[in-house]
Each structure stands twice: as C-alpha cells, then as structure tokens.
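Colleague: Read off the chains here:
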Amino acid sequence: MSKTIEITVLPNGQTKVETKGFVGSACRQASQFMERALGQQTDEVFKAEFHQSASSQHRIQQGE
Amino acid sequence: MSPVLWGLHRAFSFPFTQLEEQALSHIVSIQTEVRDPVAIRSACDRLNLPPPYFGTVKLFSSSATGWAVELPEWRYPVVADINTGKLAYDNYNGRWGEQKLLDSFLQRYAVEKASIEARKRGHSVIEQPLKDGSIKLTVSVGGGL
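Sequences listed follow chains A and B, in order. Using my numbering, the first residue of the first sequence is number 1, and each one after it goes up by one. Using my numbering, the first residue of the second sequence is number 1001, and each one after it goes up by one.
Please keep in mind that the hints were generated in silico from the structure rather than gathered at the bench. Worth double-checking, as some hints may not be accurate.
[Said to hold, decoys possible] Among the chain B residues that face chain A by a calculated CB cut under 10 Å, a handful are:
id: 1; residue: HIS1026
id: 2; residue: ILE1030
id: 3; residue: ALA1039
id: 4; residue: ARG1046
id: 5; residue: PHE1054
id: 6; residue: GLY1055
id: 7; residue: THR1056
id: 8; residue: LYS1058
id: 9; residue: GLN1107
id: 10; residue: TYR1109
id: 11; residue: ALA1110
id: 12; residue: ASP1132
[Unchecked claim] Just so you have them, the derived chain A footprint on chain B, three or more residues with Cβ under 8 Å:
id: 13; region: 1117-1126
id: 14; region: 1133-1139
Every value quoted in this text rests on a predicted model; they were computed, and no experiment measured them. Think of the CB as a built atom: it goes at the ideal place given N, C-alpha and C, for glycine as much as any other residue.
With the hints as extra help, turn the sequences into a complete structure.
Modeller: Have a look at this one:
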C-alpha cells in the first residue's frame, strides 16, 4: 500500500490531515511536520480500518 | 510464568504489540495559523490579490503590526502576526468586508503552506478541488517512513 498524507482544507481554512498506508506509530510521525507547519491541533483520531488492512496482509501471507 | 502473570502480560502487552505491527490511519484536525510570509505571498498571488507588505497598519480604532493583506472591498487590511499565527482585522461584522473572502484567503494560505512543506521534503503533491468547496492535497511519501 502506498504511503500518503491527505490534507483537506475546508472552505473556512481549517484543515484535516490524514495519514494512510503507514504501520504502527510511523503514521503519527509521518504527518507531524505538516501538523506543526499548519497550526494548532484541535483533535486526533486513529481510524479503525487498520484491522481490515491487517487482515488483508495476513491473507496475502497465507496464500504465498 | 504463573497463569496470573501470563494473563496480565497478555492483557497489557497485546494491544501495544498490535498497534506497532498494524497499518493505521491517523486523522488530525488543525486550526490554521498564519506564520509563513512565503506562503502568504503565494496565497496572494494565487488569489490575484496585491502583494502583502510588512508594517504597522491602522484598523478602525486600533492598529496592528505584521504582514498586511488587502482583500477586495475590505475597508482595512487583514494583518498576520507571524509570531502568534493570529490575524488582526476589523470588518465590522461583515459590513466592511465579506467574511468569505477572508475564509478564502485562509484556505489558500493553508494549501500553499502544506504544498511548500511537502515539496521541501521532496514529496510530490496533487491538488484537487472538492464539490463542497474544500481543497484536497494528496502528498505521496516515498520510502523512509
């Protein structure tokens, strides 16, 4: 899976930064430079879909 | 290891082990702060605004020092203090300047700032307007992390 940082800038100028494709704590480190550059953090969430990604990886390994 | 200790070990170590090994999405919301004169200038360019200038500017009943941006039809400039990231302005609740023009400037500033920071690190950036008026930037992070 490719590693990306998605930044959504709302019409009022507020931003949402989302990391995708990183493993473990690297997801947090990956976007730190961007968060610091843009301003003050108001909220932080870890997305639950990581369980699905893990399952997919596991299935690929089993099939090899 | 005794069954009790083994149980405790599992209860406390498993979630952290799992966190380290799994793919995660991490979402952070940010209140934009205006701190970069280069990104301010770039935002003005993109919005066809006059170039920003540094100085002390009179607002209605006060003054402010910083990078002044002149928005269309605004009676007074918007002044960015890059030390605090805050904006000073007086648009008299919209009567002396439309709020949406200031919002557009802030949005463009954030887009320019994010693009500048991504490119500084050698990452490619794709900009895409969304239907709700938001702007999405996709930064491809090569290797390393």
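Colleague: State the violated hints by number, sorted upward, taking the hints as numbered earlier in the document.
Modeller: 4, 5, 6, 7, 8
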